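In terms of UniProt numbering, the sequence shown opens at residue 1 and continues consecutively.
Because the hints were derived from the structure by calculation, they are not lab data. No false leads were mixed into what you were given.
DEER-style ranges, computed between Cβ atoms:
#1 143 <-> 110: 26 to 34 Å
#2 44 <-> 210: 55 to 63 Å
#3 191 <-> 47: 55 to 63 Å
#4 205 <-> 137: 42 to 50 Å
Just so it is clear, the structure is predicted and the values come from calculations on it, not from any experiment. Glycine included, every Cβ here is placed at the ideal spot set by N, Cα and C.
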Amino acid sequence: MNIRITSGAAALVLGAALALSGCSSDGDSETAPSPSAPAETGIPEPSTEDVAALDAVTVTGDPGAEPTLEFSTPFTVSAPTSRVIDEGTGPEIAAGNQVTINFVQFMGDGTKAGSTWEQGQPESFYLGDPSYEVLNEPLTGAQVGQRLLIANPVQGAEGETATVVSLLEVTGTAPARAEGEAVEPAEGLPTVTLGDDGAPSIEIPEGYEAPAEMVVQPLIKGTGPEVTAESTVTVHYTGVMLDGTQFDSSWERGTPATFPLTGDLISGWTEGLPGQTVGSQVLLVLPADKAYGEEGSQDGSIPPNTPLVFVIDILDAQ
1 MNIRITSGAA ALVLGAALAL SGCSSDGDSE TAPSPSAPAE TGIPEPSTED VAALDAVTVT
61 GDPGAEPTLE FSTPFTVSAP TSRVIDEGTG PEIAAGNQVT INFVQFMGDG TKAGSTWEQG
121 QPESFYLGDP SYEVLNEPLT GAQVGQRLLI ANPVQGAEGE TATVVSLLEV TGTAPARAEG
181 EAVEPAEGLP TVTLGDDGAP SIEIPEGYEA PAEMVVQPLI KGTGPEVTAE STVTVHYTGV
241 MLDGTQFDSS WERGTPATFP LTGDLISGWT EGLPGQTVGS QVLLVLPADK AYGEEGSQDG
301 SIPPNTPLVF VIDILDAQ
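Generate the whole structure from the sequences, applying the supplied hints.
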């Protein structure tokens, strides 16, 4: 079931993940790590020559826009090597947080490999995700706004090795789950139980009937900024029908969803989320007319006239 037409900026681009990490696609990047310090990775230390080579790269351009990188070619390093260009001044980044970045990449021969600034959409990953192991150490404890220059040798499909030079800028961070003060829900509503990672399970009371009006019940009250009708939000969510059947869960996909509330969403979301705060967890009980109405969902997973229940963790709002 799709609650929107297009996927948001939280969707990872495989090429970017491989180029930044040098890992194979067999790595497990589907689940968020626990919010603890990253494990030892065994990444080799850069040599003195690697550090000197990266120090010689010139970066020009203001933060917030795609920079220009100048370096002698062919550019090579023997191990992942990083250099901080600008310290950030925003919130500190902790293990387990979702991190949003813009980046531009060049091959060692000077060929431009890609740019999120050109795409118009940043990328996101969990700090601690082993697929991004070369970023975990330099970004842990950093602040939003940091610009990091990183060179990484990667292996191609034919076994050849090339160096990728990247300049990335951290544009935002969000916790991996709702954080705030627990709220006692009204009696008689579906009950929510959280797993160790924060993923909710939803139990529908026996004999529960769909309400005539939408129910918006905060379960956790966050302390972040208020969501508006024009916000682009990053959320984790799970949705079930009144018989308890789960039809969708970003938790199972391992990646939060990011989308504008002005987009093609069911009205229960566009009406139920504004006014809530970042860090909150919200229970939405939607009568059919606030969900998919008389037509049901386009993919057929939600039948016509079906009430729905969602538990939504609001991780970020811009």
